[in-house]
Amino acid sequence: MNTPALKCHASLTHLDWLESESIHILREVAGQCSNPALLFSGGKDSLVLLRLAEKAFRPGRFPFPLLNIDTGHNYSEVIDFRDFRACQLNERLIVRSVEDSIRRGTVVLKSPFESRNRHQSVTLLEAIEEFGFDCCIGGGRRDEEKARAKERIFSFRDEFGQWDPKNQRPELWDLFNARVHKGENIRAFPISNWTELDVWQYIERETLQLPTIYFAHRRTVVRKNGLLQPVTELTPAQANDAVEELSVRFRTVGDITCTAPVESTADTVARIIEETATTTVTERGETRLDDQISDVAMELRKKEGYF
Amino acid sequence: MSAIEQLPEIDNGLLRFLTCGSVDDGKSTLIGRLLYDSKSILTDTLHSMACTSERRGLEAVDLSLLTDGLQAEREQGITIDVAYRYFTSGRRKYIIADAPGHEQYTRNMVTAASTAHLAIILVDARKGVLSQTRRHAYLAHLLGIPHIVVAINKMDLIEHSQAAYERICDDYREFSAALGIGDVRFVPMSALVGDMIVERGERLDWYQGPTLLEILECTPNAHSERDEAFRFPVQYVCRPRQGSDPNLHDYRGFMGRIESGEIAVGDEVLVLPSGKRSSIKAIETIDQSLPLAIAEQSVTLLLEDEVDVSRGDMIVSAGNSALVTRQIEAMVCWLGEVPLDPRRKYLIRQTTRDTRAAIEAIDYRLDITTLQKRPAENLEMNDIALVVFKLAQPLCVDSYAENRSTGAFIVIDEATNNTVGAGMIL
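First to last, the protein sequences are chains A and B. Every letter in the first sequence is one number past the one before it in the numbering used here, and letter 255, counting from 1, is 255. Every letter in the second sequence is one number past the one before it in the numbering used here, and letter 324, counting from 1, is 324.
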């Protein structure tokens, strides 16, 4: 066997490497696109994006505004935090709301309390058209779900904002292609290669502030299909629901009607990292009422029979 | 000297690798096994795999389901392209680029290989070295992957025979020697039961070498093995000019990522393509001024002199510059569904620089199974050929063999804006 002589140059830690890759991607967006925007919800992934944008562009200002598509179904802590953070960074925040699209008649609801996750895309496309954005930077990660594993870092969308898996550009080395014709646009995902654990480790390392609902707190919930459904004005308890008050935290933050918290006593980032490193359920599997999966505890037992 | 010690204390960093092989070779099972044994598959994913396995009448969970495409894609028979998977050993983070087979294989593998530092080439122990194996080895070589692991899988189906294993290793060495790949290792394994992947198992006792995971854990990081020339393509120029802060009034920071080598304050540099000389005044990140920075770090460089620098320029070490040229010869893999038309102009993007390019000649097309050179008028998807380009603007290049960043480019069709080719400069 032919082992090359080891000349040991220093290398980056995995977090430094990921951070550097993300900064590189953000700077490519700035260098290649004429009118980008950064999608900012106040959630943890987009807060990581903001930190990376600071690292990429300070002492200058961000070469893009922050854009939030407000479903009107958000936890107020998250919205407050969104505004606080944008103000703290002294960057421009544009908010466009699904409510306005409903009023305009471009979003038609089947029922008043249905999840507005799906409808966000209409409002987003309207905002893209209004401002003429040619690129939207998002916090999507490839480890989130199967479909995302094949997502490009620079993902091409046609005039209808559609992702066509058959019509994606090959992505080689770190040579990204953000070229578009008028009306088309690019979604850029600077933290594609991060996992949920990487995100938490980075939050800890950078001592990033987060909305309080990411940390353990008492909340009234009901159990539905193995997931916890918070009791809120939008999602009131039904007559036969057993209402409980539990210590919970949110792993993801989205539309109130479809984002479930998990039982947890982790009240610091360090404790959340510990839980994340030892969790047995994927981020979406545990928290998305709209991805309905079956009971987890039972699966564990079933699984042990197989392996 | 002590500058390196000031860099943050590290874990074992990150390794990007590629798996080459078809489903029949047990590639999906191998990836599933790595993820499962490193406890990176979570319960709900495993459950849905278990349900599917049960529905298909299998006795155990089929780990290959993990890398199966989306149901819709399977139903529609769409060729799925490169998928990326992640796991951590606790000591190191891994990114797997998984390129499936099918007729678009070359294109997929070239894409997946472009960012990989190690390739696992799967061989079915019953079949030995096939023409497919040769193609994989050649493409791994073409894309400059420095570390190769030949995983001889399904040892359980040939009664764990050491003699058969040795024969396959010899066959592989025979043709790979000609390619000149430095670090090739062989591992006998059974992905189905997990022998020699994370656990050694008990059936391959005659094999004394490391398991697959041990090899992955010990592979040196990219850029750590040899001295490299400093290359810094400028991505963005920071000119804040904020009236409130007089210190920033004349601030001109050149932002980018160090693609290779390292740089220290005071080092003499050239700005390409102009060739203007200056030296490094400061290396900044958001909250630090660094004495030295290394490959893969994203930093902001400040120069001592007022030199005109913009996106697309490259800062290089004065003592070891890159070639500034208006003509390049390159091995090109054609990725587009529309064939290359030698009469047309294309756009070439290399580092942060774009230029229009005309095709001067297609010297030959390479049959990657036999390595025979054949004449070619145009190039179709998956073809690999030696192409000579004439450039409208100069590029600052190194040979790909020397530098995988400054030696690489993509070809863009301006009509569609699609990425239609990948090139490696000779």
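Rather than coming from a laboratory, the hints here were simulated on the basis of the structure. Backbone N, C-alpha and C define an ideal beta-carbon position, used for all residues, glycine too. Hints may be right or wrong, so weigh each one.
To be verified - Just a few of them, taken from the derived set where beta-carbon distance is under 8 Å, the chain A residues facing chain B: (1) His24; (2) Arg58; (3) Pro65; (4) Gly72; (5) Ile94; (6) Val95; (7) Ser97; (8) Pro112; (9) Phe113; (10) Trp173; (11) Arg179; (12) His181; (13) Gly183; (14) Ala270.
As the list claims (entries may be wrong) - Only pairs whose alpha carbons sit at most 30 Å apart, straight line, appear in this in silico DSS-like list of lysine-lysine: (15) Lys182(A) / Lys166(A); (16) Lys55(A) / Lys166(A); (17) Lys345(B) / Lys224(A); (18) Lys224(A) / Lys182(A); (19) Lys281(B) / Lys127(B); (20) Lys390(B) / Lys150(A); (21) Lys127(B) / Lys276(B); (22) Lys373(B) / Lys55(A); (23) Lys345(B) / Lys182(A); (24) Lys55(A) / Lys276(B); (25) Lys345(B) / Lys166(A); (26) Lys182(A) / Lys110(A).
Checking hints one by one. Is His181(A) an interface residue toward chain B, by the C-beta closer than 8 Å rule?
holds, 7 Å
Lys127(B) paired with Lys276(B) [C-alpha distance capped at 30 Å]
violated, 58 Å
Holds or violated: is there a CB of chain B closer than 8 Å to the CB of Pro65(A)? violated, 17 Å
#### Entry: Hint check, Gly183(A) versus chain B [nearest Cβ-Cβ separation less than 8 Å]
violated, 12 Å
- If you take the shortest Cβ to Cβ gap from Ser97(A) to chain B, is it below 8 Å? Cβ of Ser97(A) sits 32 Å from chain B, so the hint is violated.
Subject >> Given hint Lys166(A) paired with Lys182(A) - CA-CA distance at most 30 Å >> reply: holds, 21 Å
Supplied contact hint for Arg179(A), tested at 8 Å Cβ to chain B: Hint on Arg179(A): holds, closest Cβ of chain B at ~4 Å, below 8 Å.
| Would the hint on Trp173(A) stand, with a C-beta cut-off of 8 Å toward chain B? | holds, 5 Å
Does the closest beta carbon of chain B sit nearer than 8 Å to the beta carbon of Ile94(A)? Where the cut-off is 8 Å and the nearest Cβ of chain B is about 22 Å from Ile94(A), the hint is violated.
inquiry  = Please verify whether Lys373(B) and Lys55(A) have alpha carbons no more than 30 Å apart.
reply    = Violated, at about 48 Å.
Lys224(A) and Lys182(A) were given as a pair; does the straight-line alpha-carbon distance stay at or below 30 Å?
Violated, because 46 Å separates the two Cα atoms, which is more than 30 Å.
*How about Val95(A): closest beta carbon in chain B under 8 Å, or not?*
violated, 26 Å
Of the numbered hints stated above, those contradicted by the structure are hints 3, 4, 5, 6, 7, 8, 9, 13, 14, 16, 17, 18, 19, 20, 21, 22, 26, listed in ascending order.
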